[in-house]
Amino acid sequence: MDKFRMMFQFLQSNQESFMNGICGIMALASAQMYSAFEFSCPCMPEYNYTYGIGLLIIPPIWFFLLGFVLNNNVSVLAEEWKRPTGKRRKDPTILRYMFCSITQRSLIAPAVWVSVTLMDGKSFLCAFSVNLDIDKFGNYSFVKDMSETEKIKLLARIPCKDLFEHQEIRVAASRYIKCISQACGWMFLLMMTFTAFLIRAIRPCFTQAAFLKTKYWSHYIDIERKMFDETCKEHAKSFAKVCIHQYFENISGEMHNFHRHRSSKDESDDEDEDKKKSDEEKLLGIRAQDDMNKVLWNWHTCKPALALRKDQIDGENNGRLNGEANGAANGFVKGHTHNVEKKEWAVYYSKV
Amino acid sequence: MERLKLVLQYFQSNSESISNGICIILALVSVKLYTSFDFNCPCLPQYNKLYSLGVMIVPPIILFFLGVLVNRHTGVMMDEWMRPTGNRSKNPAVVKYLFSAMLQRALLAPMVWILVTLLDGKIFICAFSVSVDPGLFSGLPNNTGLDVIKIMAKVPCKEDVIFRNSSFRKAVSRYVRCYSQAVGWSILLFLIVLGALGRLIKPCFDDHATFLQTRYWSNYLDVEQKLFDETCVLHARDFARKCVVLFFEDMREDTVLRLPHPPFITNSREKWEDEEEERLHGISKQEQLDQLLCKWYYSKPELDVTRIAHRPRSCVTWEDRDGKTLYSDV
Numbered sequence: 000m001d002k003f004r005m006m007f008q009f010l011q012s013n014q015e016s017f018m019n020g021i022c023g024i025m026a027l028a029s030a031q032m033y034s035a036f037e038f039s040c041p042c043m044p045e046y047n048y049t050y051g052i053g054l055l056i057i058p059p060i061w062f063f064l065l066g067f068v069l070n071n072n073v074s075v076l077a078e079e080w081k082r083p084t085g086k087r088r089k090d091p092t093i094l095r096y097m098f099c100s101i102t103q104r105s106l107i108a109p110a111v112w113v114s115v116t117l118m119d120g121k122s123f124l125c126a127f128s129v130n131l132d133i134d135k136f137g138n139y140s141f142v143k144d145m146s147e148t149e150k151i152k153l154l155a156r157i158p159c160k161d162l163f164e165h166q167e168i169r170v171a172a173s174r175y176i177k178c179i180s181q182a183c184g185w186m187f188l189l190m191m192t193f194t195a196f197l198i199r200a201i202r203p204c205f206t207q208a209a210f211l212k213t214k215y216w217s218h219y220i221d222i223e224r225k226m227f228d229e230t231c232k233e234h235a236k237s238f239a240k241v242c243i244h245q246y247f248e249n250i251s252g253e254m255h256n257f258h259r260h261r262s263s264k265d266e267s268d269d270e271d272e273d274k275k276k277s278d279e280e281k282l283l284g285i286r287a288q289d290d291m292n293k294v295l296w297n298w299h300t301c302k303p304a305l306a307l308r309k310d311q312i313d314g315e316n317n318g319r320l321n322g323e324a325n326g327a328a329n330g331f332v333k334g335h336t337h338n339v340e341k342k343e344w345a346v347y348y349s350k351v
Numbered sequence: 000m001e002r003l004k005l006v007l008q009y010f011q012s013n014s015e016s017i018s019n020g021i022c023i024i025l026a027l028v029s030v031k032l033y034t035s036f037d038f039n040c041p042c043l044p045q046y047n048k049l050y051s052l053g054v055m056i057v058p059p060i061i062l063f064f065l066g067v068l069v070n071r072h073t074g075v076m077m078d079e080w081m082r083p084t085g086n087r088s089k090n091p092a093v094v095k096y097l098f099s100a101m102l103q104r105a106l107l108a109p110m111v112w113i114l115v116t117l118l119d120g121k122i123f124i125c126a127f128s129v130s131v132d133p134g135l136f137s138g139l140p141n142n143t144g145l146d147v148i149k150i151m152a153k154v155p156c157k158e159d160v161i162f163r164n165s166s167f168r169k170a171v172s173r174y175v176r177c178y179s180q181a182v183g184w185s186i187l188l189f190l191i192v193l194g195a196l197g198r199l200i201k202p203c204f205d206d207h208a209t210f211l212q213t214r215y216w217s218n219y220l221d222v223e224q225k226l227f228d229e230t231c232v233l234h235a236r237d238f239a240r241k242c243v244v245l246f247f248e249d250m251r252e253d254t255v256l257r258l259p260h261p262p263f264i265t266n267s268r269e270k271w272e273d274e275e276e277e278r279l280h281g282i283s284k285q286e287q288l289d290q291l292l293c294k295w296y297y298s299k300p301e302l303d304v305t306r307i308a309h310r311p312r313s314c315v316t317w318e319d320r321d322g323k324t325l326y327s328d329v
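So the protein sequences, as listed, match chains A and B. Just so we're aligned, residue 0 is where the first sequence starts under numbering that gives the first Met the number 0, counting upward by one. Just so we're aligned, residue 0 is where the second sequence starts under numbering that gives the first Met the number 0, counting upward by one.
Source of the hints: derived by calculation from the structure; they are not laboratory data. Fair warning: this is a prediction, and the values are worked out from it, not measured in the lab. Think of the CB as a built atom: it goes at the ideal place given N, C-alpha and C, for glycine as much as any other residue. A hint or two may mislead.
What the simulated footprint calls covered on chain B by chain A, stretch by stretch (three residues with Cβ under 8 Å from a Cβ of chain A suffice, anywhere in the stretch; the number is not a length) [claimed, not checked]: (1) 39 to 45; (2) 56 to 68; (3) 74 to 83; (4) 279 to 287.
Only pairs whose alpha carbons sit at most 30 Å apart, straight line, appear in this in silico DSS-like list of lysine-lysine [stated by the list, open to error]: (5) K89(A) - K299(B); (6) K31(B) - K121(A); (7) K284(B) - K281(A); (8) K149(B) - K150(A); (9) K240(A) - K241(B); (10) K284(B) - K302(A); (11) K232(A) - K299(B); (12) K241(B) - K89(A); (13) K240(A) - K299(B); (14) K212(A) - K225(B); (15) K48(B) - K135(A); (16) K121(A) - K149(B).
Looking at chain A on its own, in the form it has when it is part of the complex:
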């Protein structure tokens, strides 16, 4: 468990490592999906080619698009591309760098699917069995008597073990086509690896300084977005805390601040009294069933306005009076005017 947590933390700490992890998982998923998929060639001349080549091409496209969907950087790229310039200039090299890195990672799972399909050979066999020259595999007299369409129909049945009677031709032909398919597969792998080698090993020869710059700023954009989201979350939490606290204070109608001030002057060191005080404070002035019911009812029927009071000076309940000062549309003031007035009266009476 500890090992997994460490690995998970390491992967998450660096965004690139995390994306590499996702990339690796998708490649494994691609290989696993191929082995779990039951290839079934239609064995009919009109559909063989479509099925064979379709299976070679469409799943890679699907995996490529899935790579884009799973990559978080796609939305970062789109945002950076569409944002108005404002005070910050836009750098096209950063956009290009982000796009290239997203594309490179998304290409791995499709490449794995294509190479596994080619190495296995079934899709090539299905697609190209009609193009075989059957004389290559031996002298088969029964083929010569057939018409063109019948010959093609016969060749189309080669990929299906149970539909084709002459096993030697089938085995020889499938071996031949599989051989070609595997050769194509190895060539494909060689080409991909060589291209990757050129890009990664030779690139430092050309644009190293500019590359460092684009790498830093594209990473910065990603981190800035995360920081902004984090700051917004923290802010929302604090906003909600203060808002709810002020709501409870307003609804309770007690001068618990006044009481607190009076008792804090004694400066008692008694621990129990401290605990009692903090429990009292947690009640936020709500001590009766009716008050609590009122709190809960009002929370649904009349939520407070999204405008915090600034209780910056003293413990008086002048926060309520600040409601006038804020000036913003304040449902709070309008909805509870009679409450506020009552409390003001209370204040006056006790102060006098």
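Starting from the structure of chain A, add chain B where the hints point.
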């Protein structure tokens, strides 16, 4: 678990150890790739040799490129080779050391592939079964009407009908496999002797002191690059945090508070209220927040956080009920 952790820590401590670890992993991948690859000899005279030599040569090239790609030293070496001199003199010995280290590690996986194919023998049988003299063995099937060459080409294929009830195929296969394994073991012996000689004789030619220096400085270059990348990441994080906080605080407004009568009771605010106030960065209204979020999209702040040391404070003005200013920070 403790042992595994220690082993992992040992490998990670030194960049050379990491490269060695990756190199070994690639060699294991090479073996796994060979065992999972479905070798499929065409059993036709024109294509046998082409296919077999292709399978023996193309995968090692791919593994070599992969070995160069995953090795960290490649990037370090290319950087050191291509950089302008600047304030730091260039040492060609370091570049040469890095190049030879990278080459040696990248060559391991291809050699493993070649050795495994030779010791297994399937590829040799496929390639050279047509070159075997069938007269050496008895039991050549002569009732099929095919040429000798075509029959010999079919030897690698076990399921073929013409070899049923005959031990000819097995005899030829065993003969060719024998050759293949001999070649494989000879290559292995040659490589090991070369390695041993190299290890023994090198101190006679190379200056050990210079070698220690080059090894130190090549390790240093690797560590320096890693630390630079890490510092950039941490710096970007701090920069982003300050930029966002500054953006929030820029939206802070000056506040105006009204009182019914002058304050005479003071009370310190609770600590948690102060913390929350700090986290709010002065944004405490829905309209302010909406404006802030809108501005974040339409007009991102410039990339300059020098003002963070001298941020403006929000000013508070105290007024009484009639609007007369009692005190103002402005």
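Structure-based check of all given hints:
Requiring three or more residues with a Cβ within less than 8 Å of a Cβ of chain A, the coverage given for the segment 39 to 45 of chain B holds, as 5 such residues are present. For the segment 56 to 68 of chain B, the proposed coverage by chain A is satisfied: 8 residues have a C-beta within less than 8 Å of a C-beta in that chain, meeting the threshold of three. Restraint check on the segment 74 to 83 of chain B versus chain A: 5 residues with Cβ-Cβ distances below 8 Å, three needed, restraint holds. Closer than 8 Å: that is the beta-carbon criterion, and the segment 279 to 287 of chain B has 7 residues meeting it against chain A, so the requirement of 3 holds.
The hinted pair formed by K89(A) and K299(B) meets the criterion: a straight-line CA distance of about 11 Å does not exceed 30 Å. A distance of roughly 22 Å separates the Cα atoms of K31(B) and K121(A); the hinted pair therefore holds under the 30 Å criterion. For the hint pairing K284(B) with K281(A), the CA-to-CA distance comes to about 25 Å; that is within 30 Å, so the pair holds. Taking the CA atoms of K149(B) and K150(A), the gap is about 25 Å. The hint holds against a cut of 30 Å.
Restraint check for K240(A) and K241(B): satisfied, since their Cα atoms lie roughly 24 Å apart, inside the 30 Å limit. Distance restraint check for K284(B) and K302(A): the Cα-Cα separation of roughly 15 Å lies within the 30 Å cut-off, and the hinted pair is therefore satisfied. At roughly 19 Å between alpha-carbon atoms, K232(A) and K299(B) fall within 30 Å of each other, so this suggested pair holds. Our distance criterion of 30 Å between C-alpha atoms is met by K241(B) and K89(A), whose separation comes to about 21 Å.
With a C-alpha separation of about 28 Å, the suggested pair K240(A) and K299(B) falls inside the 30 Å cut-off, and the hint holds. With a C-alpha separation of about 16 Å, the suggested pairing of K212(A) with K225(B) holds against the 30 Å cut-off. With a CA separation close to 17 Å, the supplied pair K48(B) and K135(A) stays within the 30 Å bound. Of the supplied pair hints, the one linking K121(A) and K149(B) holds, its CA atoms being roughly 25 Å apart against a limit of 30 Å.
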